[in-house]
Structure formats: C-alpha cells, structure tokens
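Input sequences plus hints: build the corresponding full structure.
Single-letter residue listing:
Protein chains: 2
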Amino acid sequence: MFTDEYFMKIALQQAQEALEKDEVPIGCVIVSQNRIIAKSHNLTETLNDVTAHAEMQAITSAANFLGGKYLINCTLYVTLEPCVMCCGALNWSQISKVVIGARDEQRGFINKNLSLHPKTEIVTGILENDCSQIVKDFFKGKR
Amino acid sequence: MFTDEYFMKIALQQAQEALEKDEVPIGCVIVSQNRIIAKSHNLTETLNDVTAHAEMQAITSAANFLGGKYLINCTLYVTLEPCVMCCGALNWSQISKVVIGARDEQRGFINKNLSLHPKTEIVTGILENDCSQIVKDFFKGKR
Chain A
1 MFTDEYFMKI ALQQAQEALE KDEVPIGCVI VSQNRIIAKS HNLTETLNDV
51 TAHAEMQAIT SAANFLGGKY LINCTLYVTL EPCVMCCGAL NWSQISKVVI
101 GARDEQRGFI NKNLSLHPKT EIVTGILEND CSQIVKDFFK GKR
Chain B
1 MFTDEYFMKI ALQQAQEALE KDEVPIGCVI VSQNRIIAKS HNLTETLNDV
51 TAHAEMQAIT SAANFLGGKY LINCTLYVTL EPCVMCCGAL NWSQISKVVI
101 GARDEQRGFI NKNLSLHPKT EIVTGILEND CSQIVKDFFK GKR
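Heads up: the protein sequence lines correspond to chains A and B, in order. So the first sequence is numbered by UniProt numbering: it starts at 1 and just counts up by one. So the second sequence is numbered by UniProt numbering: it starts at 1 and just counts up by one.
For the record, the hints were derived by calculation from the structure and aren't laboratory data. Since the structure is predicted, the reported quantities are computational estimates derived from the model, not experimental observations. By construction, the Cβ of each residue, glycine as well, lies at the ideal position given by its N, Cα and C atoms. Treat the hints with caution; some may be incorrect.
Said to hold, decoys possible - Some chain B residues close to chain A (C-beta under 10 Å, calculated; not the full set):
#	residue
1	Thr44
2	His53
3	Met56
4	Ala63
5	Asn64
6	Leu66
7	Lys69
8	Val84
9	Ala89
10	Asn91
11	Gln94
12	Glu105
13	Phe109
14	Pro118
Okay, here's the thing in structure tokens:
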C-alpha cells in the first residue's frame with residue numbers, strides 16, 4: 001500500500017489545491033515511517049513570497065513536527081523537481097530520500113550540477129506524466 | 001552617510017544578535033531608498049529550522065512590507081556570502097543589488113557556479129574582516 005506512487009498521489013492532490021488558488025500547481029508531502037508529517041503546495045502568489053515553495057513549507061512543518069531540524073528517516077515527495085533554493089534547503093535538512101514526479105529541465109537543480117546531501121537517495125519519474133501535465137496545462141491556460 | 005559600509009554595520013549588529021543566541025553569527029538588512037525595510041539574523045537553532053537563514057527571513061519580511069514578492073530597487077546587505085538556498089531565493093526575488101561582507105568559499109553560491117538574477121548587481125568585500133572574524137571566532141569557541 002505505502003508505495004512511492006501512493007504518496008505521490010497525495011502530493012498531486014496538493015498540486016491540485018494549488019491550482020484551485022491559481023498558483024503554479026506543485027505539491028509535496030513529507031513521510032516518516034509511512035506516516036505523512038507534512039503536506040503543502042506552492043503559495044508564492046497567495047503569500048506574496050518567493051520563498052513559499054511547497055518544499056520549503058514542508059521542510060519547516062516537518063521539522064516543527066519532529067522537534068528537530070534534521071529530517072532523518074524522512075522522505076519528501078514532490079510533483080516537480082526542486083529548484084536551486086529548495087535543493088539548498090533539502091541539502092541543509094539532510095533528508096534521507098527525495099522522490100520527484102516530473103523533471104524541470106530549466107529551473108530544476110539537477111541540470112545546475114547541484115546535488116543533495118550525500119546521505120540523500122533520489123528517485124525520479126514517479127507518476128511523471130500526471131505531475132508534468134498539471135503544470136503544462138496551467139501555463140497553457142495562462143497564455 | 002548611506003554608504004554600503006553604513007548598512008553593513010547594521011547587518012553586523014544583527015550578526016551580533018545571532019551570536020548572543022548562540023546561533024552562527026550572520027546578519028542581514030534589506031534597504032529600499034535608503035530606508036531599512038527588513039532586518040534579520042540567523043535563527044536555525046532557535047527555530048529548529050534549516051530554512052531560517054538571515055536572508056530567507058529578510059526576503060519574506062521585505063516582500064511583506066512592500067506588498068509584492070519582487071524586491072525591485074532593493075539592496076540586501078549580508079555579512080556572509082549566501083548559500084545555495086539563499087542564492088536561489090534571491091534569484092526568485094529579482095532583487096536589484098546584493099552586498100556581501102565576507103566570502104564563504106565552501107558553502108557560498110559563487111564557487112558552485114550559480115548566479116543571481118541577471119538584474120542583480122553584486123558587491124563583495126564590504127567590512128570583510130569584521131564579517132569574517134565574527135564567524136571564525138564563533139566556530140573557534142565551539143571546538
């Protein structure tokens with residue numbers, strides 16, 4: 001039951017919540033021992049804050065839940081590849097695993113030759129089509 | 001009166017405030033039309049949050065003050081070269097100018113071949129010795 005696809009679906013539901021607020025539809029969950037300890041979606045427009053990416057909010061919430069700033073034995077699921085800012089934050093958090101839906105060739109950290117913490121396992125391509133399509137549809141609607 | 005040194009001194013006072021809380025002593029101010037619109041210092045230990053770097057807090061505060069997420073015609077003064085996370089956030093903010101006290105060869109964004117927004121002017125080396133010394137003394141005290 002608790003597969004990567006299972007948790008990515010919940011991240012996608014978060015992306016859908018962002019979409020309903022006319023935000024770039026990116027969603028995220030953080031899981032510890034098969035329990036969701038943080039859920040979030042992009043809120044940069046609603047909060048007028050470029051730092052309000054889904055991942056940043058989830059990192060802060062999860063640390064708050066755990067009572068410690070390092071996200072040991074935690075997995076972050078995010079529908080779109082993290083940007084430079086979120087990559088930096090994930091690096092500081094020493095999170096154990098990051099699962100990415102769709103790649104972001106232009107804004108994502110992978111093509112910038114950045115890496116996450118040496119302790120962090122990375123998985124990509126989980127529900128890739130759905131995660132990619134929701135963002136494409138959003139920007140198509142904006143043109 | 002309103003020189004880069006003037007505002008960096010205020011950023012250094014913020015670093016001093018961090019030091020008094022046993023935080024890595026890094027401070028920051030954001031200035032718009034010679035007026036300080038945000039002041040902050042590193043609070044990662046106090047808040048148990050790896051994202052609570054001085055720059056991140058200042059970006060959020062300044063956007064809140066301005067009522068918009070882009071920090072146009074703003075200058076950020078920070079005592080230590082921003083990390084990857086803060087570089088990414090500054091890039092999203094499209095801030096006009098970033099003034100750096102001391103370089104951070106290991107953790108700073110410059111040696112990672114990252115850049116800020118094309119609109120952002122960068123100045124380094126303002127009160128470099130003071131900005132560097134306060135961090136060196138902090139880590140020396142920890143050993």
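Worksheet item: Close enough to count: is the Cβ of alanine 63/B nearer than 10 Å to one in chain A?
Response: Constraint on alanine 63/B satisfied, holds at 5 Å.
Discussion item. Quick check on asparagine 91/B please, does its C-beta sit within 10 Å of some C-beta on chain A?
Written reply: This hint holds: asparagine 91/B lies near chain A, its Cβ roughly 7 Å from the closest one there, short of 10 Å.
Discussion item. So, as I understand it, the hint says leucine 66/B touches chain A; can you test that by seeing if any CB pair is closer than 10 Å?
Written reply: Since chain A brings a Cβ to about 8 Å from leucine 66/B, closer than 10 Å, the hint holds.
Worksheet item: Should the hint that lysine 69/B touches chain A count as held when the rule is a Cβ pair under 10 Å?
Response: holds, 5 Å
Item to complete: Let me know if the C-beta of proline 118/B comes in closer than 10 Å to any C-beta of chain A, holds or violated.
Response: violated, 15 Å
Item to complete: Please verify that hint: asparagine 64/B, Cβ, nearest Cβ of chain A, below 10 Å or not.
Response: holds, 7 Å
Discussion item. Can you verify the interface hint for threonine 44/B: is its Cβ closer than 10 Å to any Cβ in chain A?
Written reply: Since the shortest Cβ distance to chain A is 6 Å, the answer is holds.
Worksheet entry | Per-residue hint verdict: methionine 56/B, partner chain A, C-beta under 10 Å | holds, 6 Å
Worksheet item: When the nearest CB of chain A is found for phenylalanine 109/B, is that gap smaller than 10 Å?
Response: holds, 8 Å
Worksheet entry | chain A contact restraint on glutamate 105/B - CB to CB distance below 10 Å | violated, 16 Å
Practice prompt. Please verify that hint: alanine 89/B, Cβ, nearest Cβ of chain A, below 10 Å or not.
Written response: holds, 5 Å
Worksheet item: Do the numbers back the hint for glutamine 94/B, that is, is its least Cβ distance to chain A under 10 Å?
Response: holds, 8 Å
Hint check: violations occur at hints 12, 14; the rest are consistent with the structure.
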